[in-house]
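Protein chains: 2
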Amino acid sequence: MAKRLVSAGDYEQLLSKYDTWLFDCDGVLWQGDRLIDGVPQVLDLLRSRNKKIFFVTNNATKSRKNYKTKFDKLGIEAQVDEVFGSAYAAAVYISSIMKLPKEKKVYVIGMKGLEEELEEEGISHLGGTDPADNTLNEFHLKNFTPDPEVGAVLCGLDTSVNYTKLSKAFTYLRRNKDCAFLATNIDSTYPSAEGLLPGAGSISAPLQCALGRSPISIGKPAETMLDCIRAKYRFDPERTIMVGDRLNTDIEFGKRGSLATLLVLTGITHESEVVGPNASATVPDYFTDSLGDLRAAIP
Amino acid sequence: MAKRLVSAGDYEQLLSKYDTWLFDCDGVLWQGDRLIDGVPQVLDLLRSRNKKIFFVTNNATKSRKNYKTKFDKLGIEAQVDEVFGSAYAAAVYISSIMKLPKEKKVYVIGMKGLEEELEEEGISHLGGTDPADNTLNEFHLKNFTPDPEVGAVLCGLDTSVNYTKLSKAFTYLRRNKDCAFLATNIDSTYPSAEGLLPGAGSISAPLQCALGRSPISIGKPAETMLDCIRAKYRFDPERTIMVGDRLNTDIEFGKRGSLATLLVLTGITHESEVVGPNASATVPDYFTDSLGDLRAAIP
Chain A
77 MAKRLVSAGD YEQLLSKYDT WLFDCDGVLW QGDRLIDGVP QVLDLLRSRN
127 KKIFFVTNNA TKSRKNYKTK FDKLGIEAQV DEVFGSAYAA AVYISSIMKL
177 PKEKKVYVIG MKGLEEELEE EGISHLGGTD PADNTLNEFH LKNFTPDPEV
227 GAVLCGLDTS VNYTKLSKAF TYLRRNKDCA FLATNIDSTY PSAEGLLPGA
277 GSISAPLQCA LGRSPISIGK PAETMLDCIR AKYRFDPERT IMVGDRLNTD
327 IEFGKRGSLA TLLVLTGITH ESEVVGPNAS ATVPDYFTDS LGDLRAAIP
Chain B
77 MAKRLVSAGD YEQLLSKYDT WLFDCDGVLW QGDRLIDGVP QVLDLLRSRN
127 KKIFFVTNNA TKSRKNYKTK FDKLGIEAQV DEVFGSAYAA AVYISSIMKL
177 PKEKKVYVIG MKGLEEELEE EGISHLGGTD PADNTLNEFH LKNFTPDPEV
227 GAVLCGLDTS VNYTKLSKAF TYLRRNKDCA FLATNIDSTY PSAEGLLPGA
277 GSISAPLQCA LGRSPISIGK PAETMLDCIR AKYRFDPERT IMVGDRLNTD
327 IEFGKRGSLA TLLVLTGITH ESEVVGPNAS ATVPDYFTDS LGDLRAAIP
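The listed protein sequences correspond, in order, to chains A and B.
To convert, note that position 208 of the first sequence is 284 in our numbering; the numbers rise steadily by one, no gaps.
To convert, note that position 150 of the second sequence is 226 in our numbering; the numbers rise steadily by one, no gaps.
This is chain A alone, in the form it adopts within the complex:
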């Protein structure tokens, strides 16, 4: 059963039990463009106690550098190498886990941040923000010459998704059984600053429908994201805690990785999903209203 944290003692206990803290961002640190009260103080507290901090986010529209800019703007101290986004994780997956040969290319349905992470890993890509593919003009197969070097299709949230990109991706995947079908994440919705919108799962859904098969998803709750962190840093799962606002991504991710889990109620999950007769099958070890509550442990 999930334990509600209330007292200064509860928060202090959490601090002493866990050395590595993984944070989801949207709904935990901020809501859209609004910083959640007390977050900088809590992160400062963790750093003052020598905790290792990572920011683990499914949002693949931003590169780690874009994230760093957002942290800076909101006044949150963070380093680029503390940020693990699903765009970066997808690039690491392609280069280090599926080991796509260097001459091969990735067809992208996604945004600038995703392309930047692929480039940082030395992965050639097409589609994405290419103006030729960002069009509402009618798509004709006869005008399309598939690139024989495309070895994977990668879908992330793309607010410029269109029938040309979907048709090209579909053609690559349908004509070549060896072409990998990847998604940065399959979140059904995306919490924009102004409210919920269709998420990255909605971008790969048309291909899933047309092809009759599902993508390999890289982001939370898949363990690929944890493998990616593990590839760069050593941490003891028993002394690591995942902090998030979504049961089916953040908390499930922590559980699959045998980490402790803390849910905050500043995002998408309501308390009734955590305790009581309508609680979800996946519940966290701990929950609290807001990450800011940990300020109670500040001396």
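Treat the hints with caution; some may be incorrect.
For chains that are exact copies, the list does not tell them apart, and a pair is met inside one copy or across any two.
As the list claims (entries may be wrong) - Quick list of in silico lysine-lysine cross-link-like pairs, DSS-like style, CA-CA up to 30 Å:
id : residue 1 : residue 2
1  : LYS178    : LYS188
2  : LYS175    : LYS149
3  : LYS188    : LYS218
4  : LYS308    : LYS188
5  : LYS149    : LYS218
6  : LYS218    : LYS180
7  : LYS218    : LYS141
8  : LYS79     : LYS144
9  : LYS146    : LYS218
10 : LYS188    : LYS144
11 : LYS144    : LYS218
12 : LYS127    : LYS253
13 : LYS188    : LYS141
14 : LYS180    : LYS93
Just so you know, these hints were derived from the structure itself, not from any lab.
Position chain B against the provided structure of chain A, taking the given hints into account.
Just chain B now, with coordinates in the frame of chain A:
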């Protein structure tokens, strides 16, 4: 077990058993823009024997009038009121079956032909081909004032689908539980003249993912399409045959309506799906290579 038709006697028997003939179009009468050999002669034969003919198609990008133009161009005799497309069926469903009040509106993800059928039935609509919604500019909820009169979202194949349309449709459906979620059809793929592309099912799939619920689908194999024909004409199901090229839409549709079924192999289905160890669970009563084969019954 499906019976393969081969002899003139087989085709003659079919002609004498069935008075009403329902035809799918793409893959049966034509392939893209190419007329299938012998089709006009076979339709002439049926008309000369006083058979009632209907063209029943899931393609919702064209209105019945657009279809009439296509028939004329290919040299196939047809009347507008013989054509039952899923665009028309969707309009009939909204006006006559769900009885959407006249002051209410439909938010459309779809093309001109779908809008035309809604207009013919006196249904107000927005979205669709409206230039304001046919954009790849970033969508912001703060700039969107939902129309309180929207009582349904209707999705058909839309080659100008984009994140603005998806976000508006999602918002209508998410904020108003009474807003109906409709799809003209949910074909996973669309057989363009040049090859397969994502179908209408791929257009509603993002909403299905984001909302966690499925649309009511109007087109084949749903019986709504048959209800629509039934609303306009009387026919005896026992003396009616559905001719199509897809097992999961055309043949399934005929079976649900207790009609006889004839599969032709000029479209998407291979013979190995009809007979033998890998046959599908849904098989037709009869199958033949091409609709043109019925010319064998011409005296």
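Hint check results:
For the identical chains of this complex, LYS178 and LYS188 are intra-copy neighbours only, at 21 Å inside a copy versus 45 Å across copies, given an alpha-carbon limit of 30 Å. Taking identical chains as interchangeable, the C-alpha atoms of LYS175 and LYS149 are never at most 30 Å apart, the minima being 36 Å within one chain and 52 Å between chains. Taking identical chains as interchangeable, the C-alpha atoms of LYS188 and LYS218 lie at most 30 Å apart whether they share a chain (28 Å) or sit on different chains (23 Å). Proximity of LYS308 to LYS188 under the C-alpha cut-off of 30 Å is restricted to the intra-copy arrangement: shortest distance 24 Å within a copy versus 53 Å between copies.
In this assembly of identical chains, LYS149 and LYS218 lie within 30 Å of each other by CA distance solely across copies; the values are 22 Å between and 47 Å within a copy. Taking the shortest Cα distances, LYS218 and LYS180 sit within 30 Å of each other inside one copy (23 Å), while across copies they are farther apart (41 Å). Proximity of LYS218 and LYS141 under a CA criterion of 30 Å is satisfied inter-copy only: 27 Å between copies versus 39 Å inside one chain copy. Proximity of LYS79 to LYS144 under the C-alpha cut-off of 30 Å is found in neither arrangement, the shortest distances being 33 Å within a copy and 67 Å between copies.
Taking the shortest alpha-carbon separations for LYS146 and LYS218, only the inter-copy value of 21 Å comes in at or below 30 Å, while the best intra-copy value is 43 Å. In the homo-oligomer, the alpha carbons of LYS188 and LYS144 lie at most 30 Å apart inside one protomer (15 Å), although the nearest pairing across protomers, at 45 Å, exceeds that limit. Only between protomers do LYS144 and LYS218 lie at most 30 Å apart by alpha-carbon distance; the minimum there is 26 Å, versus 43 Å within a single protomer. Neither within a single protomer nor between protomers do LYS127 and LYS253 lie at most 30 Å apart by alpha-carbon distance, with minima of 45 Å and 45 Å respectively.
In this assembly of identical chains, LYS188 and LYS141 lie within 30 Å of each other by CA distance solely inside one copy; the values are 11 Å within and 43 Å between copies. Taking CA atoms no more than 30 Å apart as the test, LYS180 paired with LYS93 passes in neither setting, with 45 Å inside one copy and 58 Å between copies.
The structure is inconsistent with the numbered hints 2, 8, 12 and 14, although it conforms to all the rest.
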